[in-house]
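Chemist: For the protein sequence lines, the chains are A and B, in the order given. Under numbering that gives the first Met the number 0, the first residue of the first sequence is numbered 0, with each subsequent residue one higher. Under numbering that gives the first Met the number 0, the first residue of the second sequence is numbered 0, with each subsequent residue one higher.
It cannot be assumed that every hint is accurate.
Since the list gives no way to pick out one identical chain from another, each pair is judged satisfied if it fits inside one copy or across any two copies.
[Unchecked claim] Subject to a maximum C-alpha distance of 27 Å in a straight line, what follows is the list of computed DSSO-like cross-link-like pairs (lysine-lysine):
1) K24 to K268
2) K615 to K605
3) K509 to K336
4) K621 to K509
5) K605 to K151
6) K430 to K187
7) K509 to K51
8) K268 to K615
9) K336 to K276
10) K268 to K438
11) K51 to K476
12) K546 to K151
13) K668 to K276
14) K615 to K75
15) K55 to K268
16) K534 to K268
17) K615 to K336
18) K276 to K509
19) K476 to K276
20) K509 to K268
21) K476 to K187
22) K55 to K546
By construction, these hints were calculated from the structure, which means they are not laboratory data.
Protein chains: 2
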Amino acid sequence: METVFIVTALVGLLALISAFVIVVKIRRYDSGNERMREISGYIHDGALAFLKSQYKYLAIFIVVVFVILLWAIDLKTALAFVVGAVFSILAGYFGMFVATKANVRTTAAAMHSQSRALKIAFSGGAVMGLCVVGLGVIGIGFLLLVFPEDTKSLTGFALGASSIALFARVGGGIFTKAADVGADLVGKVEAGIPEDDPRNPAVIADNVGDNVGDVAGMGADLFESYVGSIISAVTLGYIVLGRYGAVFPLVMTSLGIVASIVGIIIASKGNGENPQKALNLGTYVAGLLVIIGTFIVSYLIFDGFQAFFAVAIGLVVGILIGRVTEIYTSADFQSVKTIALDSVTGSATNIISGLGVGMFSTMIPTLLIIVGILVSYFVMGGMGNPTSGLYGIALAAVGMLSTTGITVAVDAYGPIADNAGGIAQMADLPKEVREITDKLDSVGNTTAAIGKGFAIGSAALTALSLFASYAESVSLKSIDLLNPMSLVGLLLGGMLPFLFAALTMNSVGKAANQMVTEVRRQFREIPGIMDGTGKPDYDSCVQISTKASLREMIMPGILAVVIPVAVGLVFGAETLGGLIAGAVVTGVLLAIMMSNAGGAWDNAKKYIESGEHGGKGSVAHKAGVVGDTVGDPFKDTAGPSMNILIKLMSIVSLVFAPVILEYGGLLLKILN
Amino acid sequence: METVFIVTALVGLLALISAFVIVVKIRRYDSGNERMREISGYIHDGALAFLKSQYKYLAIFIVVVFVILLWAIDLKTALAFVVGAVFSILAGYFGMFVATKANVRTTAAAMHSQSRALKIAFSGGAVMGLCVVGLGVIGIGFLLLVFPEDTKSLTGFALGASSIALFARVGGGIFTKAADVGADLVGKVEAGIPEDDPRNPAVIADNVGDNVGDVAGMGADLFESYVGSIISAVTLGYIVLGRYGAVFPLVMTSLGIVASIVGIIIASKGNGENPQKALNLGTYVAGLLVIIGTFIVSYLIFDGFQAFFAVAIGLVVGILIGRVTEIYTSADFQSVKTIALDSVTGSATNIISGLGVGMFSTMIPTLLIIVGILVSYFVMGGMGNPTSGLYGIALAAVGMLSTTGITVAVDAYGPIADNAGGIAQMADLPKEVREITDKLDSVGNTTAAIGKGFAIGSAALTALSLFASYAESVSLKSIDLLNPMSLVGLLLGGMLPFLFAALTMNSVGKAANQMVTEVRRQFREIPGIMDGTGKPDYDSCVQISTKASLREMIMPGILAVVIPVAVGLVFGAETLGGLIAGAVVTGVLLAIMMSNAGGAWDNAKKYIESGEHGGKGSVAHKAGVVGDTVGDPFKDTAGPSMNILIKLMSIVSLVFAPVILEYGGLLLKILN
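Okay, chain A solo, but in the shape it has when bound (with noise of 0.2 Å):
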């Protein structure tokens, strides 16, 4: 058994060892000229002052759960927690960092040929997908090597990325809708500049926001998956199947990141015309691999091939969620073209018919988590054993997530390529140049798109599977809707996502009027702003939105954190399991909705800006920017956090097990 979990951790020690081959290759790249090089400066320091901010608050934070922890449960599950969290911050750090210096370097690369600039983009978000998978199973490996056979452990260490994924994903979205709306309102609105212009000031924290947001945010939020996802299979396999239940996951998971690294050099080598068949490519080989060699390490473990079929089904349904997600945002679909059209009578008709849309998207990727779940829990035997089909269950979030390593190289590539172009556009390099920067940049917001569809998935399977092992936690035997304590936690637990969503695009918008006044106030106040001479203030922009970002998560945080703990409390384990799946039910289903929406009304005014319905400055055209503008909180900020929101509050409630098994059910208590 120690064999296995070595084996892993030396797997994880692969892809960290692949990510640094790509960085020594990246950093070879010509970076450009002097002005390309400075504006990359910007962005970059930018994004390394707003990590160094986060760290100041992420210390304190650490070091009061850490004793929290240390108090309420035992050590072990403390120290647990400091390596999740650290190795967290470690691999959102190395994907900024390398992002930061890969986009000069794909702007640089569009100068000469689509296809360097392609695999520069892709190569950059690659050490962000290697870090991902790397750092986890590492940490993963290397608790199970320390604390064997205590699965305990397992769990601090994913509250720890789980916390960190809460400052990454909800902050940082905070932090690049904040600067994004800005910007825009300001920049392209009032003063009529165009996107990604040097004189607006918050056009440095616009492009900083896009790392922070897409690469780091999506890279936590998978961190946090693809380590829970894991947990909980280990966990529950342990139960169910002994030793062997507890290898199998990790087999599959180091399988999973060899798929990876060869589906990375695959796409990296593919053919520059066509960048969207080259990612695709990629993705498709390394699952495909990983069907493979499951079915052989299926039968060499279990002699047969249910936890081969388990695994399966969730690869497929991750790929087909992804994929789904595109007929509702992509313009090739008719869901945006109907947006397009009913933008002609205006913006009240352009958000009637996007939020119909994304309401309506829900439907098709529900469909398919129920079929991951049904067959992934009756292929493992379920009937008979129900704690063998919450296992198989867990596996199926494991199968979805073993390809993680090219599926967040393939999502941060696209801020890489945004970055890229508006490095172009403000050094002010020539038409071509942008015209290959904007291809690879509507291809990452497809794949933005997709990835966002698979975050959404995996959460959702990862928070079941979190769920599966907090009822095992605490003994539960039923949570019994017929029974008013778990109708009442579902009750409440279906709130919280409407209530956490209304917080996160309340803090957006209060964080985007600052930046507005910012932004007009170095339009007035600085000399020469305009015409170039004069230089405006950069950092001040970042500052507000870092700040921002940090002090407006605090309150949803708490509500995360201390709304399970409390209710288990108050009301007891069963009202807790009622309020995670209510929450889970909610939270997914307004996930999609909102990412679905908004990524429909983007390529609604993009279609619409390609000369549909009268083109740019037509009455569609007005429609469709507040259409865009509605949607980005939605896609950007509140829907992502909706999978923060449910995988944290699964794992908090798994952590504290021990302690609500013990002083839980106060109310019941009393009324006894």
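With chain A held as given, fit chain B onto it using these hints.
Modeler: Just chain B now, with coordinates in the frame of chain A:
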């Protein structure tokens, strides 16, 4: 026991007689000048034309369902279904008939005094209220007399009520918003003529829509909740406490009707200077009478006060949910002011702000419902005897709905006042008359928002008590969320309200487009329509809304009826239980969100129109209009249709319980 049934029916008769007396009084009032009578005639005829078209569909629908019930269940249930449907139709017919007579008399009275106008408008609403409760209890009392001790037939009655509510509320919601949006987009925006201008071909359809949606639709919705809650309480009461358990809710109901009649008399004698105060006084007196009466009855029947507390908490929660609605939707509070302020930066920030308010506003009502559930469950001893606790929840629902008579009266007053204003405008009456009708109308907006909150709260409790009855009927031991079959039901059920909302919003969009085309055609083809020499073809617009409302509700209607039965047959009773729970949770949350966001947008626009942030014609005002237009289908179509969806699915499950018990769970049978 028979005596109680007879007394209940007699109290129902008393309500109908009171309604008749009011009708006679209303008809005695002056119906204004010829022009006013002409316009009122159009509205009246349009409303009846809508009803007649609807009846054709309903006749077919009733026959089909009758045959299905006869085949799948039994004759009693099938007959009771027909009675329930016919009674709901009758209540709607009477209510609409009188409302469309009272509107012009309210206008005429406004030429003399505000207090007389208030009296007539409220009396018109009171007829709807008294018909709802009167026909409701007559039907239940009659069925209990004919089929004593057989509660199965009662579920057929509730199904009848539910089916008609689907047509009236969802179809009515589509009718009214198609007309409203169509009239506004072409009339106000394109042609630049004011609201309620007689030159607008859609103006009559718009006024008819107020009656169709807000009188008949709201009436049918509450008729469904009213009979549904009584039937659940009677069914569960009989199981738990025998005769007395069944008798208590009936006595309570009779008490509530008498209290409502007293409240109506007080409200209509109230001070005309402050309409809101008069309406509130009537409502509070009725509530107080119910509380006092229940205190005594609870002691007499049960020799204790547990039942009293269960009823009282329901009544209090119902009133509080209504009042809380005001906080989020009235311009006197912060939320609406914030939306108005956010409108200054344009439509996008107005929309984000409104959606945030809607989402945030789910918190307190959810907590109130939770308190209602917990108190009514535990006070009836749910900890020792779960079924007894569920009876407590059913009693809370009956308590909440006990004053339905006056609640509907206050609600239906709104559209009558609105119509009265429309008639004053169209008949070109002096400014002073409009001022009075405007004042009455603005009170109507508040009562409408409160009524919507109340309708959602009562739908939630009614659905939950129907859900409890369903669980009893199929002898479910548990709906265990640790069993994936329940979890799958929960996810599927949670998704349905999103789908339903998308479908109904989409329907409004399609129907409104047809209306826009028709109005444009008339402006183009009818000579002299703009200078008043040509007469618009009002009838064709009414026809368009009518046809659209009937056509567009087929799909959602089939979904609501077929899915529960199909899920029960394929996956079994437990999955169906999960489905209902999931649908109730997201249905209630979406209903609150959409209804409050819609109300808040509406009043934010009015607040801006009152001169804030630049007043009419400002950027803020344009944004406010966009928000209001988005809010229209939210608050008047998709939001209220959630109530119908969750109740209809619960009652369908309850009626088909015997079939599901016998044949359900085909999938598991195959897998086994």
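Chemist: Confirm or reject each hint.
Modeler: So, going through the hints one by one against the coordinates:
Only within a single protomer do K24 and K268 lie at most 27 Å apart by alpha-carbon distance; the minimum there is 14 Å, versus 87 Å between protomers. For a Cα distance limit of 27 Å, the shortest separation of K615 from K605 inside one copy, 9 Å, qualifies, whereas the shortest one across copies, 32 Å, does not. Taking CA atoms no more than 27 Å apart as the test, K509 paired with K336 passes between copies only; the shortest distance there is 15 Å, against 32 Å inside one copy. In this assembly of identical chains, the alpha carbons of K621 and K509 lie at most 27 Å apart whether taken from the same copy (23 Å) or from different copies (22 Å).
In this assembly of identical chains, the alpha carbons of K605 and K151 never lie at most 27 Å apart, being 49 Å within a copy and 57 Å across copies at closest. Within a single copy, K430 and K187 get their C-alpha atoms as close as 20 Å, which meets the 27 Å cut-off; across copies the closest is 45 Å, which misses it. Taking identical chains as interchangeable, the C-alpha atoms of K509 and K51 lie at most 27 Å apart only when both belong to the same chain, with a minimum of 23 Å there against 52 Å between chains. With identical chains, the CA atoms of K268 and K615 are never at most 27 Å apart, being 37 Å at best within one copy and 60 Å at best between copies.
Proximity of K336 to K276 under the C-alpha cut-off of 27 Å is restricted to the intra-copy arrangement: shortest distance 23 Å within a copy versus 50 Å between copies. Proximity of K268 to K438 under the C-alpha cut-off of 27 Å is restricted to the intra-copy arrangement: shortest distance 18 Å within a copy versus 72 Å between copies. For a Cα distance limit of 27 Å, the shortest separation of K51 from K476 qualifies neither inside one copy, at 46 Å, nor across copies, at 55 Å. In the homo-oligomer, the alpha carbons of K546 and K151 never lie at most 27 Å apart, since the shortest distance is 35 Å inside one protomer and 62 Å across protomers.
When the C-alpha separation of K668 and K276 is checked against a cutoff of 27 Å, the pair qualifies neither within a copy, at 61 Å, nor between copies, at 44 Å. For a Cα distance limit of 27 Å, the shortest separation of K615 from K75 qualifies neither inside one copy, at 59 Å, nor across copies, at 64 Å. In the homo-oligomer, the alpha carbons of K55 and K268 never lie at most 27 Å apart, since the shortest distance is 40 Å inside one protomer and 67 Å across protomers. In the homo-oligomer, the alpha carbons of K534 and K268 never lie at most 27 Å apart, since the shortest distance is 41 Å inside one protomer and 72 Å across protomers.
Taking the closest pair of Cα atoms, K615 and K336 come within 27 Å of each other only inside a single copy of the chain (16 Å); across copies the shortest separation is 33 Å, beyond that limit. Proximity of K276 to K509 under the C-alpha cut-off of 27 Å is found in neither arrangement, the shortest distances being 40 Å within a copy and 37 Å between copies. Taking CA atoms no more than 27 Å apart as the test, K476 paired with K276 passes in neither setting, with 49 Å inside one copy and 53 Å between copies. In this assembly of identical chains, K509 and K268 lie within 27 Å of each other by CA distance neither inside one copy nor across copies; the values are 44 Å within and 48 Å between.
For a Cα distance limit of 27 Å, the shortest separation of K476 from K187 qualifies neither inside one copy, at 58 Å, nor across copies, at 61 Å. For a Cα distance limit of 27 Å, the shortest separation of K55 from K546 inside one copy, 12 Å, qualifies, whereas the shortest one across copies, 63 Å, does not.
Violation of the numbered hints given earlier is confined to hints 5, 8, 11, 12, 13, 14, 15, 16, 18, 19, 20 and 21; the remaining hints are satisfied by the structure.
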